[in-house]
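Undergrad: Chains as they are written, first to last, in my numbering: chain A, 1 to 356; chain B, 1001 to 1364.
Treat the hints as calculated values from the structure; they're not laboratory data.
A portion of the hints provided could be inaccurate.
[To be verified] Cβ pair distances, simulated, as ranges:
id, chain 1, residue 1, chain 2, residue 2, range
1, B, E1072, A, V258, 25 to 31 Å
2, A, G81, B, P1128, 31 to 37 Å
3, A, A15, B, G1180, 23 to 29 Å
Don't be surprised by glycine CBs; every beta carbon is placed ideally from N, CA and C.
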Amino acid sequence: MSDMSARGFWAEAWARYRRKPLAMAALVFVACLATVAVFAPAIAGTKPVLCRYKGHLYAPCFGYFDRRLEPAIFAKDRFRGTYPRNLQEKDPKSWAIWPLVFQDPHRAVRDNEWPGRPGNPAKDEGRPNAINLCGTDQYGVDVFAKMVHGTTIALLVGVVSMGLAGTIGIIVGALGGYFGGWVDMLTSRLTEIVMCVPTLVLILAVVAIVEKPTIWKTMAIIGMTGWTGIARLTRGEFLRLRQSEFVTAARATGAGPVRIMLRHILPNALAPVLVPITFGIASAILTESALSFLGFGPPPPAASWGSLLNDARSNLSMWWLVVFPGVAIFLTVLAYNLIGEGLQEVTDPRLREARK
Amino acid sequence: MTAAFGSSMPLLEIDNLVTTFHTPGGRVPAVDGVSLSIERGRTLGLVGESGCGKSVTAMSILRLVAAPGVIEAGRIILSPAGGLSRAGGLSRAGGSVDLVTLPESQLQEVRGGRIGMIFQEPMTSLNPVLTIGDQIAEAVLLHRKVSREAARARSLEMLKLVRMADPERRLDEYPHQLSGGMRQRVVIAMALACEPDLIIADEPTTALDVTIQAQILDLLADLRRRLGTAILLITHDLGVVAETCDDVAVMYAGRIVEQATTAELFARPRHPYTIGLLAARPEGGGHGSRAAGRLQTIPGMVPAPQHFPAGCRFHPRCAFARQPDCSAAMPELREVAPGHLVRCLYAESLGPPHCIDDLYQEIA
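Isolated chain B (complex conformation):
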């Protein structure tokens, strides 16, 4: 019953999240009204340039934003452990909780227990003075009432799950003895140790070389299939998104500008920023620019949060911007096709990619 009810609502729903940094230079809204929902067992890609607020969004979910960052508004609703519920789960598995207002002690149960996190830099996200086994076992011991031996056994099991070579030996080794890819496997093992419902992966492959990247992405996809864990994948790499994600949200300057299923977004991007991002890929999909041997770029830079322009924040860089409409008011995020949300006044008129290619050509 509960499982059926639980599955009808998203696992995690972020509603109008505002996270700002109070710096000596003023109030900096790094995340400015982001709404997202993550369904059970699905992978959502959160894409954007550096500084667009995607990492801050991720950190806000577990309230890990470091001072002077503050979550100023919004709700982050985590629905109860449902369907795949395990015995001895959280005490208040009865209802949804708002992570923004949840008391710290209960939040600690959510961290690592219901939501696991994978960080960008496997070199620095492991404690250098603790052995691999100790670190995974700690994640287990924090959330499960088991003996040290059982936790160690679980650590070994997790290392096997993430396909670590020679897991028995790795258990007693220190992080500096492992390669980057192996460390990232350990971080994934830690995040998965307590079978969370959601994994937040903040650019998990950025620091790794390409072959290892593919292995880690394969691993994540495989684990999601086997464990039914939802994944929030934060990345700036559209290639990664295309390979691994079910849904995509594109962020620009602290806001979601477009959200759709991966297939829909790649086939019919509607926001000029998304169109620009797709055109900027080396494997840009038969765009005219490719013949010239040069990559398409989006002119200009992401504005600093203190200097966000009025109206649509992308309009100064937008090839399709029309004055005065685009600088008059912030466009709403609206549904242009079923499940396809876009924050652009002219989303409908921006057709299939090849038309846009022509437009870019004209401007160039």
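Only chain A is shown next, with the shape it has when bound in the complex:
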């Protein structure tokens, strides 16, 4: 026996996955995006990552995650969001660690805000240069900073909505597949009904009705309509595995239905179900981008990649507003699709055999 057989199913799948360069590259890319999302305020921003001011250490950059996390002392000392000069003037002994790129995702950087550097150009003047890596939009806001801070939304949309969809889909599919009979009848019809609901139209309707449309509500709707494929697949797997001898054997040792579903069937059904979840993340990102493009994105100042594209709609001469967010969306969706395909290849025994 080779050393590969000395591991469990997932360890073995991972060993095979690691040998797929494209799928690995996609995984690394998504990992990088996640890093960017987490460290966005340290990559692009105008608030210090860490600074010493009047004898105390502060981290104003957390203000980008939530306004309330910005230390109150800076509001009291009337910084008005501009740190470099204020820090120098109000406490000459202060020091600060700045983000990698001094650009703000919410507003244009003004003249001399960073000592000796000109402000961001507005209108269609702001083509990409050394200061504005991806150019600026019509208000002079830096596109690179917007994209870096939009990564959080792009990733959250995929993961949260598919987390929700996966949970619903697996539960519904598992119940239908395991119990069969009228339970299956009920869950299958429910799945078919939900499948008929056009996600985008439903979201547009909800956004129009709901008073405060937030990105979370969008995620909830994508999640609550996107579980049908997962449910069908889970149902099929449960139907198949329910008949398998090891499930009968588990029943013969006295295991109850809940234990059999969770401990015996689910781990065996999970691999094929992970694949549509991964593809679902990609399509959720696309849906969110489409919504933002149509103008139903997260409310300002939060900006998603799709809303950047929306800005470009009225300023077609500013090609950088189309290209950079477009490429970001494209690459992210591609990466998730490659990961899904990789997962499929390493976990589906039929494909695995075919590739040998």
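For this one, chain A is given, so just place chain B on it according to the hints.
TA: Here is chain B on its own, set in the frame of chain A:
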């Protein structure tokens, strides 16, 4: 007191069990009025061709028959944990229970707790994503209130009991890393983990090669001697029966056609079907057919349950059938000698095997 009382009645008594499958093609009675009793500490062999209903009988005992199969009638009485009773056993150890009507929650205690099961295919009867140790420990944890560590220790003990090579290492291995024989040992360990009173072994050696088969049968016989567990051994292999069983029941077309002790049945088979089965063995016991180098066969096929013939279900294939009696009514299972039950009108006239050999010769 209770132990004495308990030992006077069989451990498991199946009474007139009827299990049918409701298929689009109609009602299919796979098991049609089977009565059996299994004594404590004894091995009963249930023999028959494929499709005769022996596996369905086994599955019916633990109510594991998959839809569209339904137990339509009969009782399966499990007597209380007796003699070898252990502390902390079942809560209602007081009386006998009918497994057919027992509520599901209590049935779960019986499954694996009082009746263990061994399946035919060791390759598929273990969960591929759980380690050996986890699977045996689960069987323990389901029925005993013990810690995970204790369950793991018990798993190791069980692997040693079933003579698994290198048990400490096997505990953390997955089923696909083991050979067929080793897997079957794991399945046996799981079935025995909670010291059941009865083990149902559904063709436990069919999927294994001959040398491993002998080892597994030895193991079962040895475990029965040491633990006093009764065994219901389902097989189509009369050789296996001769080696391991105390009693034999022969099934044909959903019914028991003959039941006796192993010695009695092999020495004096009374039902034409049993006689045919014995004659069909390669080691057929000095039958004339052997000299010719050809094995004796029973002509025809087991009828499908939808097309059971009227009267004795074996009569269309029976060399001794006499019309119109044999197709008139289903013969009763009657006692022709002490402890020897036969379902044939002419059981008495079917004498020792050599006479029958001559009969077969005549027909051929």
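Undergrad: All hints are to be evaluated individually against the structure, with a verdict given for each.
TA: Hint by hint, here is what the structure shows:
1. E1072(B) with V258(A): 25 to 31 Å: At 29 Å between Cβs, range holds.
2. G81(A) with P1128(B): 31 to 37 Å: About 58 Å separates the Cβ atoms of G81(A) and P1128(B), which means 31 to 37 Å is violated.
3. A15(A) with G1180(B): 23 to 29 Å: 25 Å Cβ-Cβ, so the 23 to 29 Å window holds.
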